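J.: Going by this note's numbering, the first residue of the sequence shown is number 1, and it counts up by one from there.
Don't read these hints as lab results, they were simulated from the structure. Predicted model, so just to flag it, every value in this text is computed and none were measured. Hints should not be assumed to be uniformly reliable.
Computed cross-link-like contacts, DSSO-like style, restricted to lysine-lysine with a CA-CA straight-line distance of at most 27 angstroms [as the list claims (entries may be wrong)]:
hint : residue 1 : residue 2
1    : Lys106    : Lys92
2    : Lys46     : Lys33
3    : Lys82     : Lys102
4    : Lys82     : Lys106
5    : Lys57     : Lys13
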Amino acid sequence: MGIQELIQEAEKKPARGPEQMVAYGRIWLGYVKMADGSGVGNGDRKLILDAVNAQLKAVSLSVTPGFQPYEPIVRASGRARKYVALVADLTKGADGGVGEAKAILKWMTAEADITTLSQAAKEFVVITHFTEVGRGFTDAPSDIYRLLQEIAASTPATAKTKWTTLAATWVPATTYAQDVKADYDPNDT
């Protein structure tokens, strides 16, 4: 099966749902991230970006190549945000992010559409399900599911701490500067 057929299969999945985002991420991983030349100048990258962006347009998000052209990033209103900034938005309520975790879990189990999520949560789920899978972190969705279950069952203070810890120490959330360090220290931001 070629890239066109894989994209067509992904398009059959519920629009902007977790299965579709993971499918697009796996296509990116195979046809861009792992491709000869890392997808630079690769027409496959454009095919995937066009397909994903066609889905995300309805929720005012887009994906583009990032700092590394073989690693996609999510943009809202033309800007990409780090996990730390997303977590600040996700935890700004009095519940410390418990409600956001519950809402994201509903999206992850196909009980809610992405349109029901806050802007930060929309960005978060596309990052964790498309971008991170596309970067090679294929366990990211299941890792996040477990972390969000813990957060959803927490007190507000504990939830906020867990969200903040996720942004600082979860491997896919580390920054490029942290990635290239020989000895990564999660307390060194």
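J.: Hint by hint, say whether it matches the structure.
T.: Status of the hints after comparison with the structure:
Restraint check for Lys106 and Lys92: satisfied, since their Cα atoms lie roughly 20 angstroms apart, inside the 27 angstroms limit. For the hint pairing Lys46 with Lys33, the CA-to-CA distance comes to about 13 angstroms; that is within 27 angstroms, so the pair holds. Restraint check: the Cα-Cα separation between Lys82 and Lys102 comes to about 21 angstroms, which is no more than 27 angstroms; the hinted pair holds. The hinted pair formed by Lys82 and Lys106 meets the criterion: a straight-line CA distance of about 23 angstroms does not exceed 27 angstroms.
At most 27 angstroms may separate the alpha-carbon atoms for a hinted pair to count; Lys57 and Lys13 meet this at roughly 17 angstroms.
In the structure shown, no violation is registered for any of the earlier numbered hints.
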